[in-house]
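For the sequence shown, the UniProt record's numbering begins at 1 and goes up steadily by one.
Keep in mind the hints are simulated off the structure, nothing from the lab. All values reported here derive from a predicted model rather than from experimental measurement. No residue lacks a Cβ here, since even glycine has one placed at the ideal position from N, Cα and C. A portion of the hints provided could be inaccurate.
Stated by the list, open to error - Dumping the calculated DMTMM-like pairs for lysine to aspartate or glutamate here, alpha-carbon to alpha-carbon at most 25 angstroms: (1) Lys-271 to Glu-285; (2) Lys-94 to Glu-190; (3) Lys-99 to Glu-132; (4) Lys-152 to Glu-164; (5) Lys-152 to Glu-213; (6) Lys-198 to Glu-221; (7) Lys-207 to Glu-115; (8) Lys-271 to Asp-101; (9) Lys-218 to Glu-190; (10) Lys-207 to Glu-227; (11) Lys-94 to Glu-112; (12) Lys-218 to Glu-115; (13) Lys-271 to Asp-168; (14) Lys-198 to Glu-164; (15) Lys-271 to Glu-213; (16) Lys-99 to Glu-164; (17) Lys-94 to Glu-132; (18) Lys-207 to Asp-270; (19) Lys-94 to Glu-205; (20) Lys-286 to Asp-270; (21) Lys-62 to Glu-132; (22) Lys-218 to Asp-270.
Claimed, not checked - Derived CB-CB ranges, DEER-like: (23) Asn-248 to Asp-175: 29 to 35 angstroms; (24) Asp-175 to Leu-80: 43 to 49 angstroms; (25) Pro-275 to Glu-221: 29 to 35 angstroms; (26) Thr-68 to Ala-244: 18 to 24 angstroms; (27) Val-66 to Arg-113: 15 to 21 angstroms; (28) Thr-67 to Pro-180: 38 to 44 angstroms; (29) Glu-221 to Gly-284: 22 to 28 angstroms; (30) Thr-59 to Glu-221: 30 to 36 angstroms; (31) Thr-67 to Pro-91: 15 to 21 angstroms; (32) Ala-281 to Ile-151: 29 to 35 angstroms.
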Amino acid sequence: MSFENPDDPFSVFNTITNTSNTYDAYNTYDTIPNTIPNTNTIPNTISNTNTNITNTPITNTKISCVTTYQHTRHLAVTPLSTTYIPLTLTPPSKTYPFKLDTFQLLAINAIERNESVLVSAHTSSGKTLVAEHAIHTCISNNQRVIYTSPIKALSNQKYRELLEKFNDVGLMTGDVTLNPSSSCIVMTTEILRNMLYKGSEILREVKYIIFDEIHYMKDKERGVVWEESIVLLPCSVRMVFLSATVPNALQFAEWITYIHQQTTHVIYTDKRPTPLIHYIAPLGEKGMTKVCYNVDCDSDSKGVGYEGDIASKGVIDSKVCDYKGDIDSKVCDYKGDIDSKVCDYKGDIDTGSSY
1 MSFENPDDPF SVFNTITNTS NTYDAYNTYD TIPNTIPNTN TIPNTISNTN
51 TNITNTPITN TKISCVTTYQ HTRHLAVTPL STTYIPLTLT PPSKTYPFKL
101 DTFQLLAINA IERNESVLVS AHTSSGKTLV AEHAIHTCIS NNQRVIYTSP
151 IKALSNQKYR ELLEKFNDVG LMTGDVTLNP SSSCIVMTTE ILRNMLYKGS
201 EILREVKYII FDEIHYMKDK ERGVVWEESI VLLPCSVRMV FLSATVPNAL
251 QFAEWITYIH QQTTHVIYTD KRPTPLIHYI APLGEKGMTK VCYNVDCDSD
301 SKGVGYEGDI ASKGVIDSKV CDYKGDIDSK VCDYKGDIDS KVCDYKGDID
351 TGSSY
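Just need the whole structure built from these sequences, with the hints factored in.
Next comes the structure, spelled out in structure tokens:
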């Protein structure tokens, strides 16, 4: 058997299955016929403007739970035949040296109940802890777990981080394979998809698969990799989805429940432990002016311009940079708290500079 392009997984897949239009069917969504009669009468549908997929019926799922906590919202989508048992905020089986947030407790309880969960939370809010608890649970039960990431660099970083906490960790990317027999394997999503194509024996032993940065699924070029990986997974596998932004999280959970017939939790928190502080740097002017929200900024900007938990002693003045010329490689030189002038350098402004 010869392949037109052995480096292209779609070419290999098409040759084996003799379906030359497989790639087009995944990417040319406008050509998919709509055979659903009177779709307007179906109340439960997926409508994803990012991929132009519309009118896909979800008829065998139900929303069994909608619970709101402070800064956190929890929804559970279950198959119609499933009797839902509400999640609780009971302490997890593993003891942590700090107090867990509500969204972390809910997600961990879902994992300990052997259920899939989608966690949507801001950057640096603690999503990784949910993934680490899933890894801990699998290793403790002599099960295998796969951690997927969208890019090789992130896979390498996660491998190093997880190796410090769990000794039994491996890595599989297009460049390197380390400890492939480990209980926890970090890999790119493309590697997982290729393993599913080949029917790898590893997947028979996997209990959880963690999809980091699941919002990559909406990417027009690579999103099909995530779709195929999820669709081809055995129904016995549970999933943890992590993302900072999932605009259609409920529809996504309905889709997961629909194709795998398993309970899927959606846990969202709007709390931002690391606040965003915005500045305006007008062209042709010196200095930057801080943008304040929900508070009054006086002439000295005493206060951080943020309603949250940030300490007020780290005062940022309205002009934080007083410079002449361009941004040098050494932009700031300061000690301790941020002073009203943190930058003092000379040079010319390079329009290509960014920081």
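**Study point:** Holds or violated: Lys-207 to Asp-270, with C-alpha atoms at most 25 angstroms apart
**Key:** Given that 25 angstroms is the threshold and the Cα spacing comes to 29 angstroms, the pair is violated.
Review point. Given the hinted pair Lys-94 and Glu-205, is their alpha-carbon gap at most 25 angstroms?
Key: With Cα atoms ~23 angstroms apart, Lys-94 and Glu-205 stay inside 25 angstroms; holds.
Check your understanding: Under the criterion that the straight-line Cα-Cα distance not exceed 25 angstroms, is the pair Lys-62, Glu-132 satisfied?
Key -> violated (29 angstroms)
Check your understanding: Quick one, are Lys-271 and Asp-168 close enough, alpha carbons at most 25 angstroms?
Key -> Since the Cα atoms of Lys-271 and Asp-168 sit roughly 33 angstroms apart, the hinted pair is violated (cutoff 25 angstroms).
Check your understanding: Given a hinted range of 43 to 49 angstroms, is it respected by the beta-carbon distance of Asp-175 and Leu-80?
Key -> holds (45 angstroms)
Point to revise | Distance restraint evaluation - Asn-248, Asp-175, Cβ atoms, bounds 29 to 35 angstroms | key: For Asn-248 and Asp-175 the Cβ distance comes to about 34 angstroms; the hint holds.
Review point. Taking only the CA atoms, is the gap from Lys-94 to Glu-190 under or equal to 25 angstroms?
Key: Not OK: Lys-94 and Glu-190 at ~32 angstroms, beyond 25 angstroms, violated.
Check your understanding: Given the hinted pair Lys-94 and Glu-132, is their alpha-carbon gap at most 25 angstroms?
Key -> holds (11 angstroms)
Point to revise | Holds or violated: Lys-198 to Glu-221, with C-alpha atoms at most 25 angstroms apart | key: holds (22 angstroms)
Review point. Keeping to a limit of 25 angstroms between CA atoms, is the pair of Lys-271 and Glu-285 held or broken?
Key: With a Cα-Cα distance of about 35 angstroms, the restraint between Lys-271 and Glu-285 is violated, given a limit of 25 angstroms.
Point to revise | Pairwise hint evaluation, Glu-115 against Lys-218, where the allowed Cα distance is 25 angstroms at most | key: holds (24 angstroms)
Practice item. Can you let me know if the beta-carbon spacing of Thr-67 and Pro-180 is within 38 to 44 angstroms? Key: holds (40 angstroms)
Hint compliance for this structure: hints 1, 2, 13, 14, 18, 20, 21 and 29 are broken, all remaining hints hold.
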